[in-house]
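Residues per chain are reported as follows:
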Amino acid sequence: MTDITIFVLGLLVGYEVISKVPATLHTPLMSAANAIHGIVLVGAALIVVTADTPVGYVVGFVAIALAAMNVVGGYAVTQRMLAMFRDRAREPR
Amino acid sequence: MDTVLRLVYLGAAACFVIGLHLMNRPPTARRGSTISAAGMAAAVAATVVVLVRSGTVTGTGWAVLAAGVSVGGTAGWYLARTVAMTAVPQAVSLFNAAGGGAAALVAVHDLLRVGDAMAVGPAAAGALDVVIGAVTFSGSLIAAGKLQGVVASRPVVFPGSRLVNALLAAVAVGAGAVLVTGNGGTVALVVTALAALGFGVSMVMPGGADMPVVISLLNALTGTAVAMAGIVIGNTVLIIAGALVGASGGILTKLMADAMNRSLWSVVAGGFGTGDEPPAAVAADARVRAVSADDAAIQLAYASRVIIVPGYGLAAAQAQHEVRELADLLESRGVDVCYAIHPVAGRLPGHMNVLLAEANVPYHELKEMDEVNPEFARADVALVIGANDVINPAARRPGNPVSGMPILDVDHAHSVIVIKRSMGHGYAGIDNELYSDPKTGMYFADAKRGLAELAAAVKVLVG
Numbered sequence: 110m111t112d113i114t115i116f117v118l119g120l121l122v123g124y125e126v127i128s129k130v131p132a133t134l135h136t137p138l139m140s141a142a143n144a145i146h147g148i149v150l151v152g153a154a155l156i157v158v159t160a161d162t163p164v165g166y167v168v169g170f171v172a173i174a175l176a177a178m179n180v181v182g183g184y185a186v187t188q189r190m191l192a193m194f195r196d197r198a199r200e201p202r
Numbered sequence: 007m008d009t010v011l012r013l014v015y016l017g018a019a020a021c022f023v024i025g026l027h028l029m030n031r032p033p034t035a036r037r038g039s040t041i042s043a044a045g046m047a048a049a050v051a052a053t054v055v056v057l058v059r060s061g062t063v064t065g066t067g068w069a070v071l072a073a074g075v076s077v078g079g080t081a082g083w084y085l086a087r088t089v090a091m092t093a094v095p096q097a098v099s100l101f102n103a104a105g106g107g108a109a110a111l112v113a114v115h116d117l118l119r120v121g122d123a124m125a126v127g128p129a130a131a132g133a134l135d136v137v138i139g140a141v142t143f144s145g146s147l148i149a150a151g152k153l154q155g156v157v158a159s160r161p162v163v164f165p166g167s168r169l170v171n172a173l174l175a176a177v178a179v180g181a182g183a184v185l186v187t188g189n190g191g192t193v194a195l196v197v198t199a200l201a202a203l204g205f206g207v208s209m210v211m212p213g214g215a216d217m218p219v220v221i222s223l224l225n226a227l228t229g230t231a232v233a234m235a236g237i238v239i240g241n242t243v244l245i246i247a248g249a250l251v252g253a254s255g256g257i258l259t260k261l262m263a264d265a266m267n268r269s270l271w272s273v274v275a276g277g278f279g280t281g282d283e284p285p286a287a288v289a290a291d292a293r294v295r296a297v298s299a300d301d302a303a304i305q306l307a308y309a310s311r312v313i314i315v316p317g318y319g320l321a322a323a324q325a326q327h328e329v330r331e332l333a334d335l336l337e338s339r340g341v342d343v344c345y346a347i348h349p350v351a352g353r354l355p356g357h358m359n360v361l362l363a364e365a366n367v368p369y370h371e372l373k374e375m376d377e378v379n380p381e382f383a384r385a386d387v388a389l390v391i392g393a394n395d396v397i398n399p400a401a402r403r404p405g406n407p408v409s410g411m412p413i414l415d416v417d418h419a420h421s422v423i424v425i426k427r428s429m430g431h432g433y434a435g436i437d438n439e440l441y442s443d444p445k446t447g448m449y450f451a452d453a454k455r456g457l458a459e460l461a462a463a464v465k466v467l468v469g
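The listed protein sequences derive, respectively, from chains A and B.
Just so it is clear: in the first sequence, position 30 is 139 by our numbering, and no numbers are missing.
Just so it is clear: in the second sequence, position 221 is 227 by our numbering, and no numbers are missing.
No lab work stands behind these hints, which were simulated from the structure alone.
Keep in mind that a hint or two might mislead.
[Stated by the list, open to error] Sample of chain B residues lacking proximity to chain A, with all beta carbon distances greater than 12 Å (derived): (1) Val177; (2) Ala183; (3) Gly191; (4) Ser269; (5) Pro399; (6) Asp417; (7) Ser421; (8) Gly430; (9) Phe450.
[What the hints assert, rightly or not] Distance ranges between label pairs, derived from CB positions: (10) B:Pro33 to A:Pro163: 46 to 56 Å; (11) A:Val167 to B:Ala123: 19 to 29 Å; (12) A:Val164 to B:Asn366: 50 to 60 Å; (13) A:Pro163 to B:Val156: 27 to 37 Å; (14) B:Ala20 to A:Thr159: 22 to 32 Å; (15) A:Pro131 to B:Ala183: 40 to 50 Å; (16) A:Val167 to B:Val10: 28 to 38 Å; (17) A:Pro131 to B:Leu11: 30 to 40 Å; (18) A:Val164 to B:Val10: 51 to 61 Å; (19) A:Pro163 to B:Ser428: 54 to 64 Å; (20) A:Thr159 to B:His370: 53 to 63 Å.
[As the list claims (entries may be wrong)] Short derived list, chain B residues pointing at chain A, Cβ under 8 Å: (21) Pro32; (22) Thr34; (23) Asp116; (24) Leu258.
Using N, Cα and C, we set each Cβ at its ideal position, and we do this for glycine too.
Sequences and hints are given; from them, build the entire structure.
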């Protein structure tokens, strides 16, 4: 029950926190949200250590690799996009 | 130690919320992303520390962990650093597929290990996780393939495809339900996963130009799958982060669908026209006035105020640098140039801003719809590059597919030049009356080549 409570409250916070974003930032925002669900890496790490069969290890390896790709790639591409915004804002005109 | 770990997770969750909040405004967006990344690093590091101290992890376990992180991390890093800015939407879609796959596998792993003995609550979350995660995995791969052109970008619909959709969904849900009751075992798990993978493919295949909305929807679904994975393994940070992404992705999807004047349902049901239709015969509409590069160049060079309207065609042709060169040339002649950005211009909302920023277009020249619309009446030339539905005046009248959609008031400009490959329709699949307006000149060309030729013609003219 606690889990469901946390889930629903999380949904409400997510709704409130980003509902006012200008269109300019929608693509970076989507990319940032995409990076955040890379937190599944923590979940993948926690389950792989309970593995004790070959199948379990294979499933764990794939889960870890996918999650790591999500989290690293997600943040890297978001930063790359935002770097352009910063350079642009700095322009002395 | 457990308390410390929980506190770190709480801190990480707070970082995600604050990070997303800071992304509301361009000046703080970068800091927001950094804070969010710091939270992520802390959560991962704390997890590793706890695993080390627990001393229960086998050598094989560590090897698998290290190998997975290096393989996946390197692939993600390489892709993120090397991808062209125009290809960012498909990169995001690929990362999203990875996240969905990982979330599904977390539940698969737990369901395999615990088997039918799992309590109903976690089992239900697990079944949902497998279904949603598998759908986003295959769906996002297809979506990325479509944007990249590896998979046919036109809508792929065959007789009975809706029936196949419904059937796959029913099988996935049914097998998932059996899984929850604890009587299905591995067979139910495999059937659930395969049906969901199939549904992901059949759901996205009919999509055409609405692919951005689909990707945004899949992103939200992955968040939900991650939250479900968190419930399965009883991990709060996964639940919070997943729910955050689920809600934010949901809002983004709604905003995008609204801006295209589509209901979410029609996007999911699919089967609309695309922005990439094959060239139609120009002569089919005799009222259209075609112009040459030289004609257009004269108009532009002797204007005092030009508003550039970049659209999907510019993004698809990767012509952001060419448009900047032309704008520089005009500005050096004293022409006042600015860009009118429709909220859904490009391949994702806000994508056009990113592309033009990459081409070093000054920030103050980019104007959003509400800001720029009153200015069209004072513009000598509106230069439309590969945009269609977002400038169709028919949107102001009721009774057609684009009715009510917010549009750029391009038709208020003194004259209009449209660079477009053909008279093909946009996403809405209807004629654009702006093209047959007497003050509109159609310059039929690919955006990249057309802009380069325009710039060359202007140079000759003023040389």
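Here is what the structure says about each hint:
Once the 12 Å rule is applied to beta carbons, B:Val177 is consistent with being away from chain A; the minimum gap is 22 Å. Every C-beta of chain A lies more than 12 Å from that of B:Ala183, the closest at about 19 Å, which supports listing it as non-interface. With 12 Å as the threshold on Cβ separation, the claim that B:Gly191 sits away from chain A holds: the shortest Cβ distance comes to roughly 14 Å. Every CB of chain A lies more than 12 Å from the CB of B:Ser269, the least distance being 19 Å, so the non-interface label holds.
The claim that B:Pro399 lies off the interface holds: its Cβ sits roughly 22 Å from the closest Cβ of chain A, which is beyond the 12 Å cut-off. Against the 12 Å criterion, B:Asp417 stays outside the reach of chain A, whose nearest CB is about 22 Å from its own CB. With a least beta-carbon separation of about 27 Å from chain A, B:Ser421 lies farther than 12 Å from that chain, consistent with its non-interface assignment. At roughly 25 Å from the closest C-beta of chain A, the C-beta of B:Gly430 stays outside 12 Å, upholding its exclusion from the interface.
Annotated as non-interface, B:Phe450 keeps its C-beta farther than 12 Å from every C-beta of chain A; the closest such distance is 29 Å. For B:Pro33 and A:Pro163, the hinted distance range of 46 to 56 Å is satisfied, since their beta carbons lie about 52 Å from each other. Distance hint for A:Val167 and B:Ala123: a CB-CB separation of about 22 Å, consistent with the stated range 19 to 29 Å. A C-beta distance of roughly 52 Å is found between A:Val164 and B:Asn366, which places it inside the suggested range of 50 to 60 Å.
Distance hint check for A:Pro163 and B:Val156: the Cβ-Cβ separation is about 33 Å, which falls inside the suggested range of 27 to 37 Å. A C-beta distance of roughly 28 Å is found between B:Ala20 and A:Thr159, which places it inside the suggested range of 22 to 32 Å. About 43 Å separates the C-beta atoms of A:Pro131 and B:Ala183, a value consistent with the hinted range of 40 to 50 Å. Between A:Val167 and B:Val10 the C-beta distance comes to about 32 Å, which sits within the given range of 28 to 38 Å.
Checked against the given bound of 30 to 40 Å, the beta carbons of A:Pro131 and B:Leu11, roughly 37 Å apart, stay inside it. Between A:Val164 and B:Val10 the C-beta distance comes to about 33 Å, which lies outside the given range of 51 to 61 Å. A:Pro163 and B:Ser428 have their C-beta atoms about 56 Å apart, which keeps the hinted 54 to 64 Å range intact. Between A:Thr159 and B:His370, the C-beta spacing of about 55 Å keeps the proposed range 53 to 63 Å intact.
A hinted interface residue such as B:Pro32 counts as satisfied when its beta carbon comes closer than 8 Å to some beta carbon of chain A; here the least separation is about 5 Å, so the hint holds. Of the supplied interface hints, the one on B:Thr34 is violated, with its beta-carbon coming no nearer than about 10 Å to a beta-carbon of chain A, more than 8 Å. With its C-beta approaching chain A no nearer than about 6 Å, B:Asp116 sits inside the 8 Å limit, and its interface hint holds. A cut of 8 Å between beta carbons decides the hint on B:Leu258: the least distance to chain A is about 6 Å, and the hint holds.
The structure shown violates the earlier hints numbered 18, 22.
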